[in-house]
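Position 195 (the sequence shown) corresponds to 195 in UniProt numbering; numbering is contiguous.
Think of the hints as simulated: they come from the structure by calculation, not from any bench.
Just to be clear, a hint being listed does not mean it is correct.
Label-pair distances were calculated between CB atoms; the ranges are [to be verified]:
#1 R149 with G75: 19 to 27 Å
#2 H86 with E218: 42 to 50 Å
#3 S214 with T9: 15 to 23 Å
For glycine and all other residues, C-beta sits at the position ideal for the given N, C-alpha and C.
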Amino acid sequence: LVLKGISCTFREGTRVGIVGRTGSGKTTLITALFRLVEPSRGRILIDGLDICSIGLKDLRMKLSVIPQEPTLFRGSIRTNMDPLGHYSDDEIWKASTLISHSFALEKCQLKSTISSLPNLLDASVSDDGENWSAGQRQLFCLGRVLLRRNRILVLDEATASIDSSTDAILQRIIREEFSNCTVLTVAHRVPTVIDSDMVMVLSFGKLMEYDEPSRLMETDSFFSKLVAEYWSSCRRNSVERFSDYNE
Numbered sequence: 001l002v003l004k005g006i007s008c009t010f011r012e013g014t015r016v017g018i019v020g021r022t023g024s025g026k027t028t029l030i031t032a033l034f035r036l037v038e039p040s041r042g043r044i045l046i047d048g049l050d051i052c053s054i055g056l057k058d059l060r061m062k063l064s065v066i067p068q069e070p071t072l073f074r075g076s077i078r079t080n081m082d083p084l085g086h087y088s089d090d091e092i093w094k095a096s097t098l099i100s101h102s103f104a105l106e107k108c109q110l111k112s113t114i115s116s117l118p119n120l121l122d123a124s125v126s127d128d129g130e131n132w133s134a135g136q137r138q139l140f141c142l143g144r145v146l147l148r149r150n151r152i153l154v155l156d157e158a159t160a161s162i163d164s165s166t167d168a169i170l171q172r173i174i175r176e177e178f179s180n181c182t183v184l185t186v187a188h189r190v191p192t193v194i195d196s197d198m199v200m201v202l203s204f205g206k207l208m209e210y211d212e213p214s215r216l217m218e219t220d221s222f223f224s225k226l227v228a229e230y231w232s233s234c235r236r237n238s239v240e241r242f243s244d245y246n247e
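Let the sequences and hints guide you as you build the complete structure.
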């Protein structure tokens, strides 16, 4: 999908929600930021510097991402948490402890799980992390960004495949641990971005709205319609599940 004349500013330290229906351009925007596709026109600036003038490695080292489908590699827990070997074991354990405490109500506590393994941080990870659950793989990705503490964090539909309670906990960790960072959240669940500083609404590659969510909710905006559609879908699904249960 081609992005069409999008022009806006993400101020340092703000939380920006990016929403839109399937095919609106959300993924294209993120791939452009990471230069997975090179722009044919226009520029993306970070601190006034055109990202196309920066080496790919240098650019991507300054950005952190938690994707919808977490990626793990064959190796150990240590090499997956810290692929470049920049951090000590104590720092890795600290990140794992934070996750474990935050997810105390869930059944995927990273530190307690790792501590129970004979090889601890040297425990094996198979191709694509198949020997770990989907929730644990997502926590590994969260651990990586907690270690790196980059100033720009992208959540690319990061909570699309987890339940709403885990989604809420992950969002709280992001708010608390990355309060001074610029956080871009591509949202599958529209309410996820309600407490963002700003919301960007895309449609067919165009920027339709960019404003504070509270202001958008006060008008007959694209965003307010997306929120209404989301809750309507939730209610409809609840009724269908209840009907199936009664049958």
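Hints, verified against the model:
no.	hint	verdict
1	R149 with G75: 19 to 27 Å	holds (22 Å)
2	H86 with E218: 42 to 50 Å	holds (46 Å)
3	S214 with T9: 15 to 23 Å	holds (19 Å)
The earlier numbered hints are all upheld by this structure, with none contradicted.
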